[in-house]
Amino acid sequence: QSALTQPASVSASPGQSITISCTGTASDVGGYNYVSWYQQHPGKAPKLMIYDVNKRPSGVSNRFSGSKSGNTASLTISGLQAEDEADYYCTSYANSDTLGVFGGGTKLTVL
Amino acid sequence: EVQLIQSGAEVKKPGESLTISCKGSGYKFTNYWISWVRQMPGKGLEWMGRIDPSDSYTNYSPSIQGHVSISADESINTAYLQWNSLKASDTALYFCARIDSGVTASNWGQGTLVTVSS
Numbered sequence: 001q002s003a004l005t006q007p008a009s010v011s012a013s014p015g016q017s018i019t020i021s022c023t024g025t026a027s028d029v030g031g032y033n034y035v036s037w038y039q040q041h042p043g044k045a046p047k048l049m050i051y052d053v054n055k056r057p058s059g060v061s062n063r064f065s066g067s068k069s070g071n072t073a074s075l076t077i078s079g080l081q082a083e084d085e086a087d088y089y090c091t092s093y094a095n096s097d098t099l100g101v102f103g104g105g106t107k108l109t110v111l
Numbered sequence: 112e113v114q115l116i117q118s119g120a121e122v123k124k125p126g127e128s129l130t131i132s133c134k135g136s137g138y139k140f141t142n143y144w145i146s147w148v149r150q151m152p153g154k155g156l157e158w159m160g161r162i163d164p165s166d167s168y169t170n171y172s173p174s175i176q177g178h179v180s181i182s183a184d185e186s187i188n189t190a191y192l193q194w195n196s197l198k199a200s201d202t203a204l205y206f207c208a209r210i211d212s213g214v215t216a217s218n219w220g221q222g223t224l225v226t227v228s229s
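If you read the sequences in order, they're chains A and B.
For the first sequence, the numbering used here assigns the number 1 to the initial residue and increments by one for each residue that follows.
For the second sequence, the numbering used here assigns the number 112 to the initial residue and increments by one for each residue that follows.
These aren't lab readings, by the way, just hints derived from the structure by calculation.
Glycine included, C-beta positions come from ideal geometry on N, C-alpha and C.
Mixed in with the good hints, there may be bad ones.
What the hints assert, rightly or not - The following label-pair restraints were derived from C-beta to C-beta distances:
{"no.": "1", "chain 1": "A", "residue 1": "SER11", "chain 2": "B", "residue 2": "ASP184", "range": "42 to 50 Å"}
{"no.": "2", "chain 1": "B", "residue 1": "ASP163", "chain 2": "A", "residue 2": "THR19", "range": "33 to 41 Å"}
{"no.": "3", "chain 1": "A", "residue 1": "ASN33", "chain 2": "B", "residue 2": "SER136", "range": "26 to 34 Å"}
{"no.": "4", "chain 1": "B", "residue 1": "GLY137", "chain 2": "A", "residue 2": "ASN33", "range": "23 to 31 Å"}
{"no.": "5", "chain 1": "A", "residue 1": "SER9", "chain 2": "B", "residue 2": "THR169", "range": "30 to 38 Å"}
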């Protein structure tokens, strides 16, 4: 199963908004509404930011939102803050017998 | 409070065996799958495998299958990741995660760094 495709890096200034794309296939992203997004700071455990395409766990800022169109899911972060600088990974369910697949990760730099 | 506590960092030689652990607390251990995730140096996250602690049913990534084994002991709420013969390419940071559903994991261990070097 191939990894999902994410841009390697994005950057923006504080207060701006960014969108990170995550492209898969009809067998994963396009076939199920089970896309999650994780934030990871260097050397730390991943943190769940979005699940089931567009749901936010309790405690996650409403500046984070998710969406999906066809085989591409997206994570949007509005009102960028310095602490948002991190790596972001998407992952999608594929089927009940597989583990799912991660994207390659996107490094977000807040200028 | 749900917690996953992993065992400490390990330094091993190629060919040696190793087991690392992940102890869950604050929830009913058998109600949730545990997944192991690998992060090689400077690289991204990779699902390695998962276990249903209620019956020890496991799934493995095709790229990992046969090289590691995942097990669990529900009596002590602990999942394990085991290698019989380590390779230098096993050098990585390993995380365990409690799977809420599908690819949703809201609780993660702190990570175990495994270094394999001669």
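Going down the list of hints, with the structure as the test:
no.: 1; hint: A/SER11 to B/ASP184: 42 to 50 Å; result: holds, 46 Å
no.: 2; hint: B/ASP163 to A/THR19: 33 to 41 Å; result: holds, 36 Å
no.: 3; hint: A/ASN33 to B/SER136: 26 to 34 Å; result: holds, 31 Å
no.: 4; hint: B/GLY137 to A/ASN33: 23 to 31 Å; result: holds, 29 Å
no.: 5; hint: A/SER9 to B/THR169: 30 to 38 Å; result: holds, 35 Å
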